[in-house]
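K.L.:
For reference, the chains in residue letters:
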Amino acid sequence: MYRMLEIDLSTGETKVKDISGLFSKFIGGTGVLTYLALRELSSQLDPLSPQAPIFLGIGPFNSYFPSASKTVAIFKSPLTGDLGESHAGGRLAMAIFASGFHVVKITGKAEKPLYLSIDNEKVNLVPCRSLWGRSALSVERILREKEDNRKGKKSILRIGPAGERLSPIASVTVDSSRHFGRLGLGAIFGSKNLKAVVISGNRYETIQNKKDYLSLYNELFKDLAYSENTYKYRDLGTSANVLPLSKINSLPTRNFSQGFFESAERISGEYFAENFLAQQISCAHCPIGCIHIATLRELFADPHMYKTIKVSYDHELIYSVGSNLSIANAADVLKLLQFIERQGWDAISIGVVLAWATEAFQRGVISISDTGGLALSFGDSQTYLKVLEKIASGENEFYKDLEKGVYHCAQKYGAQDLAMHFNKNEAPGYMTGPDAFVGYAVGVRHSHLDCAGYSIDQKFLGRQQDIEKEVKMMYEESLWRMVTNSLVTCLFARGSYTPNVVEKGLRLLGYDVDLQWLTKTSRIIHGMKYLLKEKLGFDFEKLELPSKLTKIYTGRGMMSTVDFKERVKVYAKLVSQDMYLAKEALNQQL
Amino acid sequence: MKRKLVVKDRERCIGCYSCMYACTRSWHNIIGIEKSAMRVKNYPGIEGAFSVRVCQACIDPECAEACPTGALKPSKRGYGVDLEKEKCIHCMKCVRACSANALQWDEETRMPLPCLHCGICVMYCPTNVLEMQEVMINVQNA
Numbered sequence: 001m002y003r004m005l006e007i008d009l010s011t012g013e014t015k016v017k018d019i020s021g022l023f024s025k026f027i028g029g030t031g032v033l034t035y036l037a038l039r040e041l042s043s044q045l046d047p048l049s050p051q052a053p054i055f056l057g058i059g060p061f062n063s064y065f066p067s068a069s070k071t072v073a074i075f076k077s078p079l080t081g082d083l084g085e086s087h088a089g090g091r092l093a094m095a096i097f098a099s100g101f102h103v104v105k106i107t108g109k110a111e112k113p114l115y116l117s118i119d120n121e122k123v124n125l126v127p128c129r130s131l132w133g134r135s136a137l138s139v140e141r142i143l144r145e146k147e148d149n150r151k152g153k154k155s156i157l158r159i160g161p162a163g164e165r166l167s168p169i170a171s172v173t174v175d176s177s178r179h180f181g182r183l184g185l186g187a188i189f190g191s192k193n194l195k196a197v198v199i200s201g202n203r204y205e206t207i208q209n210k211k212d213y214l215s216l217y218n219e220l221f222k223d224l225a226y227s228e229n230t231y232k233y234r235d236l237g238t239s240a241n242v243l244p245l246s247k248i249n250s251l252p253t254r255n256f257s258q259g260f261f262e263s264a265e266r267i268s269g270e271y272f273a274e275n276f277l278a279q280q281i282s283c284a285h286c287p288i289g290c291i292h293i294a295t296l297r298e299l300f301a302d303p304h305m306y307k308t309i310k311v312s313y314d315h316e317l318i319y320s321v322g323s324n325l326s327i328a329n330a331a332d333v334l335k336l337l338q339f340i341e342r343q344g345w346d347a348i349s350i351g352v353v354l355a356w357a358t359e360a361f362q363r364g365v366i367s368i369s370d371t372g373g374l375a376l377s378f379g380d381s382q383t384y385l386k387v388l389e390k391i392a393s394g395e396n397e398f399y400k401d402l403e404k405g406v407y408h409c410a411q412k413y414g415a416q417d418l419a420m421h422f423n424k425n426e427a428p429g430y431m432t433g434p435d436a437f438v439g440y441a442v443g444v445r446h447s448h449l450d451c452a453g454y455s456i457d458q459k460f461l462g463r464q465q466d467i468e469k470e471v472k473m474m475y476e477e478s479l480w481r482m483v484t485n486s487l488v489t490c491l492f493a494r495g496s497y498t499p500n501v502v503e504k505g506l507r508l509l510g511y512d513v514d515l516q517w518l519t520k521t522s523r524i525i526h527g528m529k530y531l532l533k534e535k536l537g538f539d540f541e542k543l544e545l546p547s548k549l550t551k552i553y554t555g556r557g558m559m560s561t562v563d564f565k566e567r568v569k570v571y572a573k574l575v576s577q578d579m580y581l582a583k584e585a586l587n588q589q590l
Numbered sequence: 001m002k003r004k005l006v007v008k009d010r011e012r013c014i015g016c017y018s019c020m021y022a023c024t025r026s027w028h029n030i031i032g033i034e035k036s037a038m039r040v041k042n043y044p045g046i047e048g049a050f051s052v053r054v055c056q057a058c059i060d061p062e063c064a065e066a067c068p069t070g071a072l073k074p075s076k077r078g079y080g081v082d083l084e085k086e087k088c089i090h091c092m093k094c095v096r097a098c099s100a101n102a103l104q105w106d107e108e109t110r111m112p113l114p115c116l117h118c119g120i121c122v123m124y125c126p127t128n129v130l131e132m133q134e135v136m137i138n139v140q141n142a
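Respectively, the protein sequence lines represent chains F and V.
The first sequence stops at residue 590 when you use our numbering, and every number in between is there.
The second sequence stops at residue 142 when you use our numbering, and every number in between is there.
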């Protein structure tokens with residue numbers, strides 16, 4: 001049985017619902033949450049109002065199979081006003097499963113700061129006024145100790161001060177350096193006076209058909225732990241991309257001015273591994289171990305007083321506060337990242353904002369009186385650290401604006417052509433060509449994770465373009481991710497979770513499915529997402545390519561608006577068929 | 001030669017809990033980790049610091065000595081302990097007596113979870129933290 005726990009922070013009331021029916025129709029994870037969100041999110045809903053719901057959900061594979069380690073969060077994004085969807089690892093999926101639920105829905109608003117404690121069915125709203133204002137890192141230390149009397153493994157979600165300030169680029173940090181990073185879930189926590197969620201339990205499920213289960217489990221485990229499919233993630237991690245991307249003009253540098261970063265070698269995955277990598281760690285029940293933890297030892301007083309910080313890094317972070325700010329010093333990248341971790345901003349978004357501010361300053365759109373005397377320069381990490389401090393302290397209007405996202409800033413101050421966002425979401429770290437950019441624009445969450453266009457671009461490097469074929473590839477990748485994001489497996493495990501494996505796994509868990517059903521369901525989920533997006537104001541025709549990107553060389557050469565629009569149109573056409581399918585399915589549902 | 005479970009190289013642990021899933025799955029036929037006889041502990045705020053607690057395979061076990069009913073007894077295999085569930089009175093004295101803090105407790109049944117040194121956890125450790133080691137038992141103790 002799949003159950004949903006509903007919690008109203010205003011009243012403290014809780015409800016438990018059996019949602020097994022939804023799981024059999026929409027698999028779980030993103031499929032089920034999209035269905036639930038479609039009924040509750042509207043264009044009128046203020047995402048920071050008490051009524052705005054937060055859905056956290058896992059799927060049928062979580063805890064059953066290795067690297068099914070992700071939890072999906074769905075909400076209305078305070079950054080874009082559109083669908084907010086973000087996925088996080090850590091121990092959360094395991095803990096939600098152990099609490100006996102598959103979906104947790106949070107609504108309402110607490111009168112004063114509190115944290116939500118879930119231990120099996122036991123739900124407590126615990127006042128925590130003294131935790132308000134504390135960093136995302138310190139809150140975890142405190143709560144892990146405070147809640148240590150519980151027996152089951154805990155997962156701890158919390159916001160830093162950025163979320164309390166309702167910054168729409170605030171993230172929710174999960175356990176050790178995992179995040180619901182994108183699209184502003186942190187601000188929603190803040191708006192509800194919800195500082196943290198601690199969840200654990202000791203519920204379990206009994207294995208049916210052990211022989212077949214073990215045989216599939218072992219096949220997956222071997223592949224995930226030892227095969228080439230995951231080698232890259234275990235070894236250097238995603239930061240293995242830094243050098244190769246720079247070589248093909250695809251590593252965003254100085255606010256997407258070029259794709260070649262002359263100092264890429266000094267912030268490469270190889271450089272970090274050799275000089276800073278302390279160890280790899282993993283999410284619960286994932287043998288890959290992709291989380292790269294760096295240590296940075298710093299002299300803070302002569303002659304021999306040292307401190308050591310630990311902070312995780314990966315490609316996106318190295319791009320956003322490294323190459324895109326022209327910072328060629330790996331230690332400085334780590335220092336900026338630690339500050340960002342403590343405040344609880346999405347690292348991609350805040351990096352893109354800093355890059356925009358720098359270029360806008362250099363163009364004269366931002367003045368020295370805006371910055372309070374700071375001259376913003378690419379590569380000047382000391383000044384960037386000061387800027388982050390000023391944003392954190394809310395020093396003046398300009399700094400307060402910076403944490404509202406790059407779209408907001410460009411609307412207010414100008415230099416809109418320099419604002420690297422797609423549908424108001426700050427751009428991720430690949431400028432490989434049209435498929436990357438179109439992917440950010442058309443994707444359900446405007447992220448590189450929707451359809452991995454950057455990877456399709458690389459397949460077409462140096463080849464004749466084929467718009468229909470490329471867009472079809474993006475679409476098909478996006479569809480398959482509807483399935484894996486419903487299970488919910490990690491994207492790094494996608495090489496192991498092939499359609500046949502997924503079918504076998506679902507059948508073992510009692511789903512009556514075949515490959516055809518999977519395809520159809522993926523299209524229905526995909527369609528539901530766009531129905532929801534449309535309801536919230538999303539329109540393919542309004543999508544734009546930041547105009548700066550038409551003037552620079554990407555991995556695949558120059559971009560043109562015409563080409564961009566053409567690809568969007570092809571994608572929109574494919575999506576419209578899915579929306580039709582989804583409508584049909586929803587009608588039957590009623 | 002008999003073998004026991006030991007932690008060979010703690011610092012290699014990535015905290016994936018595959019060991020605990022394997023133990024729970026194999027001996028209880030369930031999905032979860034809370035019935036595992038060994039435990040990977042993590043510490044607040046220290047990214048990547050794990051402590052791996054496994055039964056010490058004592059020849060003269062403190063847990064068995066503390067058991068008032070003889071439910072937990074030194075195992076016939078010569079090291080570690082066996083549990084006779086019917087005799088357990090759920091007093092938890094065994095868990096408190098284990099000076100290595102390694103004996104795990106089943107919250108649901110309110111009984112200890114003695115390790116049988118089967119080695120299933122070792123098989124699923126992707127980074128070779130765990131190992132089965134030969135046990136040398138003095139004939140007098142056997």
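Among the clues, some could well be false.
Stated by the list, open to error - Heads up, simulated EDC-like pairs for lysine to aspartate or glutamate below, C-alpha to C-alpha not over 20 Å straight-line: (1) K151(F) with D106(V); (2) K222(F) with E131(V); (3) K73(V) with E84(V); (4) K93(V) with D82(V); (5) K151(F) with E84(V); (6) K41(V) with D417(F); (7) K386(F) with E397(F); (8) K41(V) with E584(F); (9) K41(V) with E397(F); (10) K573(F) with D539(F); (11) K41(V) with D539(F); (12) K15(F) with E40(F); (13) K151(F) with E131(V); (14) K424(F) with D148(F); (15) K122(F) with D82(V); (16) K520(F) with D417(F); (17) K122(F) with D106(V); (18) K412(F) with E397(F); (19) K565(F) with D417(F); (20) K25(F) with E584(F); (21) K122(F) with E107(V).
Claimed, not checked - Over the 12 Å line for every Cβ pair with chain F, so calculated as not near, a few chain V residues: (22) K2; (23) R3; (24) V6; (25) G32; (26) E84; (27) K87; (28) C91; (29) C125.
Unchecked claim - So the derived label-pair ranges between C-beta atoms look like this: (30) E262(F) with G119(V): 30 to 40 Å; (31) K583(F) with E131(V): 55 to 65 Å; (32) G70(V) with K112(F): 51 to 61 Å; (33) D9(V) with F300(F): 24 to 34 Å; (34) E270(F) with G70(V): 56 to 66 Å; (35) N275(F) with E11(V): 15 to 25 Å; (36) E11(V) with V562(F): 48 to 58 Å; (37) D9(V) with S377(F): 27 to 37 Å; (38) D8(F) with E131(V): 42 to 52 Å; (39) K87(V) with N275(F): 17 to 27 Å; (40) E145(F) with I30(V): 23 to 33 Å.
The hints are simulated quantities; they were obtained by calculation from the structure and are not laboratory data.
Please read these numbers as outputs of a predicted model, since none were measured by experiment.
We put the beta carbon where it would ideally sit given N, CA and C, even for glycine.
K.L.:
With reference to the structure, classify each hint as holding or not holding.
P.N.:
Against the structure, the hints come out as follows:
1. K151(F) with D106(V): 9 Å, holds
2. K222(F) with E131(V): The hint holds at about 18 Å.
3. K73(V) with E84(V): 8 Å, holds
4. K93(V) with D82(V): Distance of about 15 Å is within 20 Å: holds.
5. K151(F) with E84(V): 23 Å, violated
6. K41(V) with D417(F): Since the Cα atoms of K41(V) and D417(F) sit roughly 50 Å apart, the hinted pair is violated (cutoff 20 Å).
7. K386(F) with E397(F): 16 Å, holds
8. K41(V) with E584(F): 49 Å, violated
9. K41(V) with E397(F): 45 Å, violated
10. K573(F) with D539(F): 12 Å, holds
11. K41(V) with D539(F): 48 Å, violated
12. K15(F) with E40(F): Distance of about 17 Å is within 20 Å: holds.
13. K151(F) with E131(V): Roughly 26 Å between the alpha carbons, so the hint for K151(F) and E131(V) is violated.
14. K424(F) with D148(F): Not OK: K424(F) and D148(F) at ~41 Å, beyond 20 Å, violated.
15. K122(F) with D82(V): 34 Å, violated
16. K520(F) with D417(F): Answer violated: K520(F) to D417(F) is near 40 Å, above 20 Å.
17. K122(F) with D106(V): Holds, at roughly 19 Å.
18. K412(F) with E397(F): 11 Å, holds
19. K565(F) with D417(F): Cα-Cα ~17 Å, so holds.
20. K25(F) with E584(F): 13 Å, holds
21. K122(F) with E107(V): 15 Å, holds
22. K2: At about 26 Å from chain F, K2(V) clears the 12 Å cut-off, so the statement holds.
23. R3: Label holds. Min Cβ-Cβ 22 Å, cutoff 12 Å.
24. V6: 21 Å, holds
25. G32: 4 Å, violated
26. E84: 23 Å, holds
27. K87: 23 Å, holds
28. C91: For C91(V), whose nearest Cβ neighbour in chain F is about 17 Å away, the distance exceeds 12 Å, so it holds.
29. C125: 9 Å, violated
30. E262(F) with G119(V): 30 to 40 Å: At 53 Å between Cβs, range violated.
31. K583(F) with E131(V): 55 to 65 Å: For K583(F) and E131(V) the Cβ distance comes to about 58 Å; the hint holds.
32. G70(V) with K112(F): 51 to 61 Å: 53 Å, holds
33. D9(V) with F300(F): 24 to 34 Å: 32 Å, holds
34. E270(F) with G70(V): 56 to 66 Å: Cβ of E270(F) to Cβ of G70(V): about 60 Å, so the range 56 to 66 Å holds.
35. N275(F) with E11(V): 15 to 25 Å: 19 Å, holds
36. E11(V) with V562(F): 48 to 58 Å: 56 Å, holds
37. D9(V) with S377(F): 27 to 37 Å: 46 Å, violated
38. D8(F) with E131(V): 42 to 52 Å: For E131(V) against D8(F), whose Cβ atoms are near 50 Å apart, the range 42 to 52 Å holds.
39. K87(V) with N275(F): 17 to 27 Å: Because 58 Å falls outside the window, the suggested range is violated.
40. E145(F) with I30(V): 23 to 33 Å: Hint holds: Cβ distance 29 Å, inside 23 to 33 Å.
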